[in-house]
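For this one, chain A is given, so just place chain B on it according to the hints.
There are 2 protein chains.
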Amino acid sequence: MVWHGIIHQYFPYMPLEDKQHIVTLNEGNTPLIRSLYLEKQLGGNLEVYLKHEGMNPTGSFKDRGMTMAISKAKEAGAKAVICASTGNTAAAAAAYASRAGMKSFVIIPEGNVALGKLAASLIYGAKVIQISGNFDDALCFVRDISESHPVSLVNSVNPYRIEGQKSGSFEICDALGKAPEFHALPVGNAGNISAYWKGYKAYHDAGKIEQTPMMLGFQAAGAAPIVHGHPIENPETVATAIKIGNPASWQMAEAARDDSGGMIDMVTDDEILAAYKLLASKDGVFCEPASAAGVAGVLKLEQQGFWKDKSGTLVCVLTGHGLKDPDNAIKQAGQPISVPAELDAVLEAMDL
Amino acid sequence: MVWHGIIHQYFPYMPLEDKQHIVTLNEGNTPLIRSLYLEKQLGGNLEVYLKHEGMNPTGSFKDRGMTMAISKAKEAGAKAVICASTGNTAAAAAAYASRAGMKSFVIIPEGNVALGKLAASLIYGAKVIQISGNFDDALCFVRDISESHPVSLVNSVNPYRIEGQKSGSFEICDALGKAPEFHALPVGNAGNISAYWKGYKAYHDAGKIEQTPMMLGFQAAGAAPIVHGHPIENPETVATAIKIGNPASWQMAEAARDDSGGMIDMVTDDEILAAYKLLASKDGVFCEPASAAGVAGVLKLEQQGFWKDKSGTLVCVLTGHGLKDPDNAIKQAGQPISVPAELDAVLEAMDL
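Those protein sequences? They're chains A and B, same order as listed.
Numbered by this note's numbering, the letters in the first sequence go through residues 87 to 438 in order.
Numbered by this note's numbering, the letters in the second sequence go through residues 87 to 438 in order.
What you were told as hints is all true, and nothing was included just to trick you.
Just so you know, same-sequence chains aren't split out, so a pair can sit in one copy or run between any two.
Below, computed lysine to any residue pairings styled on SDA-like, alpha-carbon distance capped at 20 Å: (1) K189 to M436; (2) K284 to M300; (3) K417 to G197; (4) K213 to G420; (5) K284 to E296; (6) K189 to Q418.
Keep in mind the hints are simulated off the structure, nothing from the lab.
If we strip away everything but chain A, and leave its shape as in the complex, we get:
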């Protein structure tokens, strides 16, 4: 099977008129990696998979939505796009815009964007503007600017983003031959939980799957507006990709939670970082800190006895690649040992 990206693959489910406008980097088709470690930890009778969205072309799940948003912008004749971003959206917007021959502008909150994301946005050719404010401020500006200037908005408020992102559900169902019983993921701007749920419902409506999963969303404790029931003015978390105080898809996320009989809970930074390190050192899977929030959540549920009487398949979405945030990895994992170029020194450092 040759893969030509999610719009070609799932064209009947995508709101695009004509294939000639498709702008693709062959996104999607990401691996579903078995987690023997989590199966052991969670007990119960679970089969556990990691859907590693970090293996999209720009290194995060945002590519699924961006191929749709930029293809629609191209269809509409746009010459430039703009977005506010904590980094992943910026990189995706910049890459797809460049491929489409459009200019891109990304507005990011100063000092809170991981190095890999910033580097990528710049090299893809975006004009990157850092403001001395937070993500929610940046979102206000880009909404204003896109309304008054000839620049297409490709933020989550762009409805086509979620249309593209729902392809993640299709891939999971196609790979498993059914929907999983449980679907865990991080919740930041809340577009992803909304999109996955929309995807499961679309496949269910089409008769492709018989059941839909229980959606288990997890926010960072310092940035948990949906859990607390009100916006958070100054969100704080090590998981920069979900450091969002007023999610764009708040209501859709609550609907996904309620319609699926699931939950949106929160996990601490310590729980997030512990899950992040375990995934790398036990399963060999390196994701960014925010990506581990879903896994941190299912581990928290284990401590509450949640999984004891459960069985079936659990899919945890890892939203971005660990290489997006190398500084954090080094902070968590420590430094290498430096020795002179002598055999004895190397052997001593190895401490066999």
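Just chain B now, kept in the frame of chain A:
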């Protein structure tokens, strides 16, 4: 189709006795991305694709070989593995070893390993030892140590690495329905050109393809031992992944060149960086600097009129993801513009 990694996918071609020993992160199945930019630049009558190996689980082509090397080590009952590396091999060894429940030791040359690679190796749980020497020194140590201690060597000198890496050719042929006419790639330790050629020959012998491609390998000008015909004592290049003075697979690489009627040439750091930036800003594809050596090479050939009378399909392998080396991206692409959180300031910076 569900993808379970390259050994499952191409089991008849892989030297493993039993599937139960397979250690996989679902590597391979990387996208073949059309490069409309290169098609325009190269002229002739070419269809050009980028085989983006940065979309393997640890972000480089090394995962293809490492799944084989670690699976064989597991089959043999190994408890620990060691390698010398400029970074990509280290990350792959660490990830697969962790997944297999083995210890891993990686010896790297001090100061010449990209941030993303170092961070990944550490977080995957490897013991990383930096020596005040170069890659070739590191390789001597690990050979010595693996001969005298109970630690399996998973460097390129491990013959199973090339067996796994040859799967890249299989995927290209399966996607195109034939072998490409031209295959361009960077040459550092020279395992990859050897492996791709071995893969094409294996598919040809099996009757899967009728023709094999012309192999076009490119070394960095400051690290071009095969081009010069002698080892380079102090290799120098911005492309750290191919900064190797005495390649392990030298003879196999020359055989691939000669048997395919191809060439191994060199490109300057300026040519490499220009190609690196063009791929990101024109095609939306972000690779590491070394990965762009193959593309730099085909652009150099264009200036020499090489492509004028050529037609067919050209595949350029991009060996690793740009996120592996974020510092270099920022160095090449510049810094973001910082402004106060005010609409007018943002608009002025945008300069529409």
